[in-house]
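Letter by letter, the chains look like this.
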Amino acid sequence: MNWIETKLSAFDERIACHEAGQSWTYKDFRKSIHAIASKLPSTPATIAIQTETSIEGLAALLAIAQTQHIALPLPAELPIVEQADMQEIAAADYRLTGTGQTIALVEQASPERPKIYEQLQSSGLVLFSSGTSGKPKGMLHNLDALLDRYKSINTRQDRSLLLLLIDHIGGLDSAFRTLFAGSTLVIPEARTPEAAGAAIAKHAVNILPASPTFLNLMCLAHTPEKHDCSSVEIIAYGAEAMPAPLLQRVAEAFPNADLQQKFGTSETGAVRIKSENKSSLFFKIEDRDTEWKVIEDELWLKTPSRIIGYLNADESSLEADGWYRTGDLVEEGSEGHIRIIGRASAVINVGGQKVHPAEIETVLRDIPEIEDCRVFGKEDPITGSAIVCEIVSQASHETRAWKRLIRNHCRVKLAPWKIPSQVTITQNLNINARLKKA
Amino acid sequence: MPDRSEIETLVLESVRLLAEDFEIAALQSADASSTLYASTGSLDSMALVNLIADIEEAIDEKFGASIALADEKAMSAKNSPFRDVSSLVDAIIERIKS
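Read top to bottom, the protein sequences are chains Z and C.
Everything in the first sequence is counted per my numbering, starting at 1 for the first residue and increasing by one.
Everything in the second sequence is counted per my numbering, starting at 1 for the first residue and increasing by one.
Think of the hints as simulated: they come from the structure by calculation, not from any bench.
Backbone N, C-alpha and C define an ideal beta-carbon position, used for all residues, glycine too.
Be aware that a few hints might be false.
Computed list of chain C residues with no C-beta within reach of chain Z, every gap over 12 Å [said to hold, decoys possible]:
(1) P2
(2) S29
(3) S42
(4) A65
(5) S87
Taking CB as the label site, the calculated pair distances span [stated by the list, open to error]:
(6) Z/T102 to C/D71: 24 to 34 Å
(7) Z/T97 to C/S45: 21 to 31 Å
(8) Z/H409 to C/E94: 18 to 28 Å
(9) C/S66 to Z/S280: 27 to 37 Å
(10) Z/R411 to C/E94: 42 to 52 Å
(11) Z/S280 to C/D71: 18 to 28 Å
(12) C/A26 to Z/V412: 13 to 23 Å
(13) C/I93 to Z/G333: 51 to 61 Å
(14) Z/E332 to C/T9: 48 to 58 Å
(15) Z/P255 to C/D31: 24 to 34 Å
(16) C/I93 to Z/D366: 36 to 46 Å
(17) C/I93 to Z/T426: 30 to 40 Å
(18) Z/R411 to C/I93: 29 to 39 Å
Assemble the whole structure, with the sequences as input and the hints as a guide.
So, in C-alpha cells, the structure goes:
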C-alpha cells in the first residue's frame, strides 16, 4: 500500500468533499481512485482528465500518481478551443470523461510525444499557464515530487472552499492540503461571489483561499452581508499582488478572519511563507524545501518540486543548477522579509523610467468612486510607452472629468511619468479563468 | 468637417485645462500663438503625451474622428507639429481630412 492510500484510508468516515449537491466520504473518494486506477492503460500514456466533477478529477490525479502516466487536468470551465490546444501540445493519448459509473477512458490519436517526457522517471503532471505569445504555455511536473510535499501534513478538520480549479497549481495545493489533512473540500456551484457566499454559509466554511481580485469582487457584491460568512477563520490570499487598501477592506468585511498571504508559482509549487504581521504585505520564506535569493530585484527560487521543463516555451527562466527565475519583482525589507511589487514582464518603460503598474493601481484605488482598475503600457512614439488605466466605476463622469480627477489625485502621490495619460471606463474588468485580472 | 476656428477652440481648451492640472503658469491663458513643445516651449515630454491624448480624445468625442497625432510623420517632420498651437491645429486638420 502506498502512502497516499494509507493516509486517506485513515479518514474513511469523514467527508472529503461537497460538490454539486453531493457529499463524498473519504471511502467514496478512495473507491473512485481505485475505479479510475483499474481503467488506466498498461503502457505509459498521457491522459487528459475531463471528469464532470472536480473531486473525481482529483481522484484521477491520485490514481495516476506513482504510475508512469502523465496527467493533464482539463476542467469543464476551460473553453473547448483551449482544451483542444492543450491536448495537442501535451500529446494526450487518452481522455478520461464522465462521472461515477459512466467514467470512461477514451483512446484518441495524438501527436508525437514531446521530447521532454523522456526525462520523466515517475508520474507526470502537465499544467498550463497563459503564455506571452497567446498560446498557453505547458509545463511538465514530476507529480510524485509535487505530492511528496503533503506526506507529513498534520490531520485537521477544516472546511475549505475550492475556488481555483485543478488545472492550477494554487487550486491543486488547496485541494491536496485539505485532502491529506482529512479535512473537507467545499466546491461552489459557480465561481462567483454569490455562489461562494452561499457555499460558505451552507457548509460553515472556515478556510477561504482566494485571489485579491476575487476578494475585491466579494466586497463589492457585499457577499458577507448577504450570506453568513462568520465561519471564515482564515482567508488565504495569493496569486497576484495584494493592494494594501484592499487588504484593509477585506479585513473589515470578514472581521473574524485571519488574513494569511500565500505564495507559490506554477513552476515551483506552493512555498510556505510567514507574513511579517497581520497588516503587512512583507513575508519571510519559511520552507525547509525552498532556497531563495533576490537578483536585480527579481526573486529566484530553488525547490525539489520545480518543473522538469516546458513543453512549448523557452526555458531560459530555468537555470541548470535547479534555480527558477520567478519573474516576480520584490522589495526587500528588514530581517529577510520580502514583498512582491509586480511582474518583471509588466514593468512599463516610460522614457527610460521604470514604472510598476501595481504602484499606480494602488494609488488609483484610493479614489472612492473607483471600484477596481488595471494599469498597462501602450506604445507611444514620444516616450516609448504611455500609461493607460482602465477603471471600473458606476459613476457617470465624462472621460475628460475622470482624467482631471485622476491627474489631480495622482499628481501629489506619483512622479509625473507615472500619471496615466489615457483613461478608459468600463463596468467590469476582464477576469481570467484563474480569477486574476486578464 | 469642423472648421479651423472650432478646432482651435478645442485645442486651446485642452491646453488650458492641462496647464491647470499640471500647474504650467505660462499656458493657463494660452492663445493661438503660444509655444508648446519647442526649445523655448513650456511643455515637457510627459505633459505633451498627456496633451496629445487629451486632444485625440476630444476630437473623437466632439467630431467623431479618430486620429493619431503622434505618428511617424509627426515625429520625423522637419517642423514639429507640436511646436505651437497653430501648427498643432494644422496637423489636426490634415489628419481629419485624410
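Comparing the hints with the structure gives:
1. For C/P2, the requirement that its beta carbon stay farther than 12 Å from each beta carbon of chain Z is met, with the minimum near 18 Å.
2. Every C-beta of chain Z lies more than 12 Å from that of C/S29, the closest at about 18 Å, which supports listing it as non-interface.
3. Every CB of chain Z is more than 12 Å from the CB of C/S42 (nearest about 14 Å), matching its label as outside the interface.
4. Listed as a non-interface residue, C/A65 keeps its Cβ farther than 12 Å from every Cβ of chain Z; the least gap is roughly 16 Å.
5. Under the 12 Å C-beta cut-off, the non-interface status given to C/S87 relative to chain Z holds; the minimum distance is some 16 Å.
6. Under the hint 24 to 34 Å, the C-beta atoms of Z/T102 and C/D71, about 60 Å apart, miss the expected range.
7. Here the CB-CB span from Z/T97 to C/S45 is close to 58 Å, at odds with the stated 21 to 31 Å.
8. Take Z/H409 and C/E94: their Cβ atoms lie about 35 Å apart, and the range 18 to 28 Å is violated.
9. Distance hint for C/S66 and Z/S280: a CB-CB separation of about 46 Å, inconsistent with the stated range 27 to 37 Å.
10. The hinted window of 42 to 52 Å between Z/R411 and C/E94 is violated, with their beta carbons roughly 33 Å apart.
11. Taking 18 to 28 Å as the suggested C-beta distance range, the pair Z/S280 and C/D71 does not conform, at roughly 47 Å.
12. For the hinted restraint 13 to 23 Å between C/A26 and Z/V412, the CB-CB distance of approximately 22 Å keeps it satisfied.
13. Distance hint for C/I93 and Z/G333: a CB-CB separation of about 55 Å, consistent with the stated range 51 to 61 Å.
14. Distance hint check for Z/E332 and C/T9: the Cβ-Cβ separation is about 53 Å, which falls inside the suggested range of 48 to 58 Å.
15. The hint said 24 to 34 Å for the Cβ distance between Z/P255 and C/D31, and at roughly 58 Å that hint is violated.
16. As the Cβ distance of C/I93 to Z/D366 is approximately 40 Å, the hint placing it in 36 to 46 Å holds.
17. Between C/I93 and Z/T426 the CB atoms are about 32 Å apart, so this pair conforms to the stated range of 30 to 40 Å.
18. Look at Z/R411 against C/I93: about 32 Å separates their beta carbons, and that is inside 29 to 39 Å.
Against the hints set out earlier in the document, violations occur for numbers 6, 7, 8, 9, 10, 11 and 15.
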